[in-house]
Each structure stands twice: as C-alpha cells, then as structure tokens.
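Undergrad: Sequence:
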Amino acid sequence: MIRSATKALRLFPSSTTAKRYFSSSRASFLQYKHVDTEYNNANTPFDFTPESYEEIKKILAKYPAKHKQSGILPLLHLAQRQNKGWIPLAAINKIAEICEVSPKNVFECVSFYTMYNTSPVGRYQIQVCVTTPCMITGSDDILAALEDHLGIKLGETTPDKMFTLSEMECMGCCTNAPMIAISDYSSPETFKYDYFEDLTVQRAIEIVEMLKRGEYPKVGPQNGRRYADPLGGQKTLLFEDGDLPKPYCRNLDEQPPQQQATPQQK
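So for the sequence shown, the UniProt record's numbering puts the first residue at 1; every next one is plus one.
Keep in mind that the hints were calculated from the coordinates and are not lab data. Owing to the predicted nature of the structure, the values given are computational and were not obtained by experimental measurement. Among the clues, some could well be false.
Unchecked claim - List time: in silico EDC-like cross-link candidates among lysine to aspartate or glutamate, alpha-carbon distance up to 16 Å:
| no. | residue 1 | residue 2 |
| --- | --- | --- |
| 1 | Lys-57 | Glu-100 |
| 2 | Lys-57 | Glu-97 |
| 3 | Lys-212 | Asp-160 |
| 4 | Lys-68 | Glu-55 |
| 5 | Lys-84 | Asp-184 |
| 6 | Lys-218 | Asp-194 |
| 7 | Lys-192 | Glu-215 |
| 8 | Lys-153 | Asp-141 |
| 9 | Lys-84 | Asp-160 |
| 10 | Lys-161 | Asp-184 |
| 11 | Lys-212 | Asp-184 |
| 12 | Lys-153 | Glu-167 |
| 13 | Lys-94 | Glu-108 |
| 14 | Lys-66 | Glu-97 |
| 15 | Lys-33 | Glu-108 |
| 16 | Lys-218 | Asp-198 |
| 17 | Lys-68 | Glu-97 |
| 18 | Lys-84 | Asp-47 |
| 19 | Lys-153 | Asp-140 |
| 20 | Lys-218 | Asp-184 |
| 21 | Lys-161 | Glu-209 |
| 22 | Lys-66 | Glu-100 |
| 23 | Lys-94 | Asp-47 |
| 24 | Lys-161 | Glu-147 |
| 25 | Lys-94 | Glu-55 |
| 26 | Lys-84 | Glu-189 |
| 27 | Lys-68 | Glu-100 |
| 28 | Lys-218 | Glu-206 |
All chains, please: the whole structure from these sequences, using the hints.
TA: If you want it as structure tokens, here you go:
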C-alpha cells in the first residue's frame, strides 16, 4: 500500500489526489497497529452503560449461542455511538470479553472498516466519498473547499471540536455522485448518520454553515432529484403517449390483500 502510494507521488508530484493517496495510505497502514496515546491506552476507562447492556442482549439474541462473535460489528457501532464517535482500546477488550474471542479478532474488524474511529472526533464527522464516480464528478474540489472553509486538513478536527473531516470509500450512491456522509455524535440517543448527495462545492459549504447555526439540512439529493431517479425524469418503460405506467411504484404502506388458503395449504 505504501509502495503504491509512493509510486503515484513520484509519477505525479503535483497531483493533489496522489498526495492525498500517500497520506491516507500511510494512515491506513499505521491503523493496523495500536499505539498507546494519552487518551487511548490500557488504562483508559470504558464500560457499556446499563442501557447499552440491554441493547447488547438484544443483539446477541439474534445469533446462535456458540457464535457470539457474529455480534462484534454491531457492538463496535454501539460502543462508538456511546463514546461520542470513537472506540478506545478498553472498548475493544470489553467487546472481546462479551463475544468470547481474542481482542485481536475485534481489533482486526476495527482496523479493516474505515467507519470505525480509534481516536476522538468532533460532534459532526464529515466523510467525503473519494471513490471513482465521486472523484470524476468533483469530490476533490469539495474536499479541498471543506479543508479551506474549516481551516483543517483531512483527518483533523476543528479547534472547537465541532467538525472532523474524513474520507470514505464507496457508500453506494454512485448515481447521485458526488456525496458526503455526516455523523452526529452529540449523544447516543440522537445519533444520526445521513447522506447528502448530488453536491456542489457551494452546497457543501452551505451544509456546514447550517450545522454551525444549529440547523439540520435536508438529507438525500441536494438538486431536487427524487431518490436516485434520472435527472430528466423517467426515459424508459413509457407508454406511446409518453406517460408512465401506473402505479409508478408500490405503496409499501398499504396492507396486502388477504388471500384465501388453498386446499393444499389447509
């Protein structure tokens, strides 16, 4: 990983993408090994709250008793929400104890998935998608604008602990690229994780300013698009007069009609 990033930086020394690739690759590589810090070491206290323990019971009840390790990922999410956005070493050890596995098994999950944080973050974590569809539609410009507007670099947190700026791999909204995800870690009870799609540089800055004012922006597409519909409307499956077949889609809120049982079912 480091070797590939170094090669990209050597071939394209003035490329912002290459420099960011080198920085993020190095950070990802270092993430595979825990290094004690003042805020995260073996003596850092952590335990789940009584409410979280009740949630843990519900989570583990979904899996066979001999496969408690299946609950590692949701327990990590629970720990991160409770701890305002990041997972300390003590939480990893606690989850290993609950799931009856080695701490190494839990740390492998933490270091593999970029959605887990192992250091403190701000109230809002802004995650910019940098995968190919978002990159070719302007995610580099959005990231650069956010860095300039917030006065921080990728991976840093603003001095007021309000915003942390991160990058993320594909989040499944390629049709609506470019996009960002924003996590709100102000409290476990009000945790939010929302997508903001079809972004422009200007709209990304507007979203940040709304959050500063205590307003929560509209989630989803930011350009008037309906979900992931084509921007110009439906172009296929039309009648000769150009109208759409009805209904356009099923109403999932409607109750399905009751069907009578067949003789075989009786």
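Undergrad: Run every hint past the structure and note whether it holds.
TA: Do the hints match the structure? See the list:
no. : hint              : in the structure
1   : Lys-57 - Glu-100  : 14 Å, holds
2   : Lys-57 - Glu-97   : 14 Å, holds
3   : Lys-212 - Asp-160 : 11 Å, holds
4   : Lys-68 - Glu-55   : 14 Å, holds
5   : Lys-84 - Asp-184  : 9 Å, holds
6   : Lys-218 - Asp-194 : 10 Å, holds
7   : Lys-192 - Glu-215 : 14 Å, holds
8   : Lys-153 - Asp-141 : 14 Å, holds
9   : Lys-84 - Asp-160  : 15 Å, holds
10  : Lys-161 - Asp-184 : 12 Å, holds
11  : Lys-212 - Asp-184 : 12 Å, holds
12  : Lys-153 - Glu-167 : 11 Å, holds
13  : Lys-94 - Glu-108  : 15 Å, holds
14  : Lys-66 - Glu-97   : 14 Å, holds
15  : Lys-33 - Glu-108  : 10 Å, holds
16  : Lys-218 - Asp-198 : 12 Å, holds
17  : Lys-68 - Glu-97   : 10 Å, holds
18  : Lys-84 - Asp-47   : 13 Å, holds
19  : Lys-153 - Asp-140 : 13 Å, holds
20  : Lys-218 - Asp-184 : 14 Å, holds
21  : Lys-161 - Glu-209 : 15 Å, holds
22  : Lys-66 - Glu-100  : 9 Å, holds
23  : Lys-94 - Asp-47   : 7 Å, holds
24  : Lys-161 - Glu-147 : 15 Å, holds
25  : Lys-94 - Glu-55   : 15 Å, holds
26  : Lys-84 - Glu-189  : 11 Å, holds
27  : Lys-68 - Glu-100  : 7 Å, holds
28  : Lys-218 - Glu-206 : 11 Å, holds
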